[in-house]
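Starting from the structure of chain X, add chain A where the hints point.
The listed protein sequences correspond, in order, to chains X and A.
Quick note: my numbering has the first sequence finishing at residue 59, numbered continuously throughout.
Quick note: my numbering has the second sequence finishing at residue 461, numbered continuously throughout.
By construction, these hints were calculated from the structure, which means they are not laboratory data.
There may be inaccurate statements among the hints.
Said to hold, decoys possible - For each label pair, taking beta carbons as the anchor points, the in silico distance ranges come out as:
#	chain 1	residue 1	chain 2	residue 2	range
1	A	E19	X	I15	30 to 40 Å
2	X	R22	A	G286	46 to 56 Å
3	A	A283	X	V38	52 to 62 Å
4	A	E461	X	K14	45 to 55 Å
5	A	R11	X	V38	54 to 64 Å
Stated by the list, open to error - If you only want the chain X side, here are some residues facing chain A, beta carbon under 8 Å, derived:
#	residue
6	M1
7	W4
8	A8
9	V13
10	M23
11	A26
12	V33
13	L34
14	V37
15	V38
16	P47
17	A48
18	I49
Every residue gets a Cβ at the ideal spot worked out from N, C-alpha and C, and that includes glycine.
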Amino acid sequence: MTDWHAVAQARGVKISESEIERMAEALRRLEEVLQPVVHDLPHSLDPAITFRADPGDTE
Amino acid sequence: VTLRQAAEALRKRQLSSVELTQAALTRIERLNPALNAFLSVFPQSALERAARADRELAAGKDCGPLHGIPIGLKDLFDMRGVRTTAGSPVYENYVPAQDSAVVEKLEGAGAVIVGKLNLHELAYGITSSNPHYGAVHNPWILDRIPGGSSGGSGAAVAADLVFAAMGSDTGGSIRVPAAFCGTVGLKPTYGRVSRFGTIPLAFSLDHMGPLTRDVRDAGIVLNLIAGFDARDASSARRAVPDHVPAPGCSIRGVRIGLPETFFFERLEAEVDSAVRGAVARAASLGAEIIPIDLPEIAALNAVGQIILLAEAAALMQPHLENRERFGADVLELLQQGGLLPATDYINAQRLRRKLCQQFRPLWKSVDCLTIPSTPMTAPRIGETAIHLGGAEEKVRAAATRFMRPFNVLGLPAVSIPCGLSATGLPIGLQIAGPAFHESLILRVAAALEDAGVGIPPCPIE
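If we strip away everything but chain X, and leave its shape as in the complex, we get:
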């Protein structure tokens, strides 16, 4: 799991330890749901944001 305190420090986020702890708790909860599922995603699966070389080429 990500060390959110270290991330905040590396990014130079200027907030108190207690604020970081509150954010870290929320982010940890999200990662707990995301990470186990991500391992099962096939490499062929694109993100749901799609770039189109020709903007007119929509459905």
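Just chain A, lined up with the frame of chain X:
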């Protein structure tokens, strides 16, 4: 009086657009000090537009059902030459040079825009207790929140200040205020309504739609604002059908999915009872109620939150040096989003695609879903946490729990009022359907409305 009734009265010359608009302005002047729903009101331009509508209608030029009807706009829709704040000091000096696509269409249809409506700061939250422009109050009980982020839109429609208001919905921001204020709130399919000229919160989750007094009015507004727009990269090239349900429409044989898990967990007993009552009414009208088990709703919510955190943080990154320009709740979310690694965002968007694929087969066995809009009625202003099912939960998380999945999936969903709590607060029923099937969910909603599912008018005077 609904939008349709007002439109009919205009055509029968029973009243004029100027009279309708003046009545709206008078009511805004009287009630807005208590509600704080409007951030700005345009009496002069609205009355001029109304007078023009009267002349046009008298001359036989009829632009359709919105011609001459007073409406409001959430203050994140660009309107040429008019300050658009998104409820934030970040945009306090932003005066757009052109109209948003929605405003273009509304003005082209002859609507009379009377003002711009208050919202949760940056549309990033559900209380509409805006630290910069003041809290919006719920017209049913003034010390309650109206929901958000389109809180001004919900309060204005519920209090009869306007016949319809435009809102935006990134994680429930049309449907939450609709549920808490007892109006209809429609989030169309992603791509159905152009986002061009709106201040974004999260590019891939933002949807634009109407809040109205009844279901058919929502269909009327959707008919006008829907359609392809090359200026919005996600706009869909789909024909726009008529979204207004026919009088006396039937739902006999419609297969309504009733999820047995997640959507009926941790909710107030009154909400559970009112929603199940509406579902029973649908069954009595001939709909087939099918218990179903939905895939991965908790994952959908997590994916939605990660995408929202990251996209909003990216958008606001240039402004984060000035922390004092943000309210505490919004600042915390923006800083949280700034910590998320790009890999989490990308993987959330990959998982989103997989979840969309998993959800699609559902529509082979049911035509739509009926679920509660929110697990609770409107909390008090200032309340940040509530108790549901024996556990404490943040108000924001609770209010969006049943809604966010449909932003992630991009599916259409409408909230309609289905009852009042013992304290006199509205309860919302949510009906969701397959992509681009707004007509079906509006038909189910209209049939229920016709059958008496609903609430009396808001008593505020």
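Hint by hint, here is what the structure shows:
1. E19/A / I15/X: 30 to 40 Å: For E19/A and I15/X the Cβ distance comes to about 54 Å; the hint is violated.
2. R22/X / G286/A: 46 to 56 Å: 51 Å, holds
3. A283/A / V38/X: 52 to 62 Å: 41 Å, violated
4. E461/A / K14/X: 45 to 55 Å: This hint holds: roughly 49 Å between Cβ atoms.
5. R11/A / V38/X: 54 to 64 Å: 57 Å, holds
6. M1: This hint is violated: M1/X lies away from chain A, its Cβ roughly 12 Å from the closest one there, beyond 8 Å.
7. W4: 6 Å, holds
8. A8: 6 Å, holds
9. V13: 6 Å, holds
10. M23: Given a least distance of 5 Å, the restraint on M23/X holds.
11. A26: At 6 Å from the nearest chain A Cβ, A26/X passes the 8 Å test, so the hint holds.
12. V33: Because about 4 Å separates V33/X from the closest Cβ in chain A, which is inside the 8 Å limit, the hint holds.
13. L34: Hint holds; L34/X Cβ to chain A Cβ min 6 Å, cut 8 Å.
14. V37: 6 Å, holds
15. V38: 5 Å, holds
16. P47: 4 Å, holds
17. A48: 4 Å, holds
18. I49: 6 Å, holds
Of the hints listed earlier, those the structure fails to meet are numbers 1, 3 and 6, in rising order.
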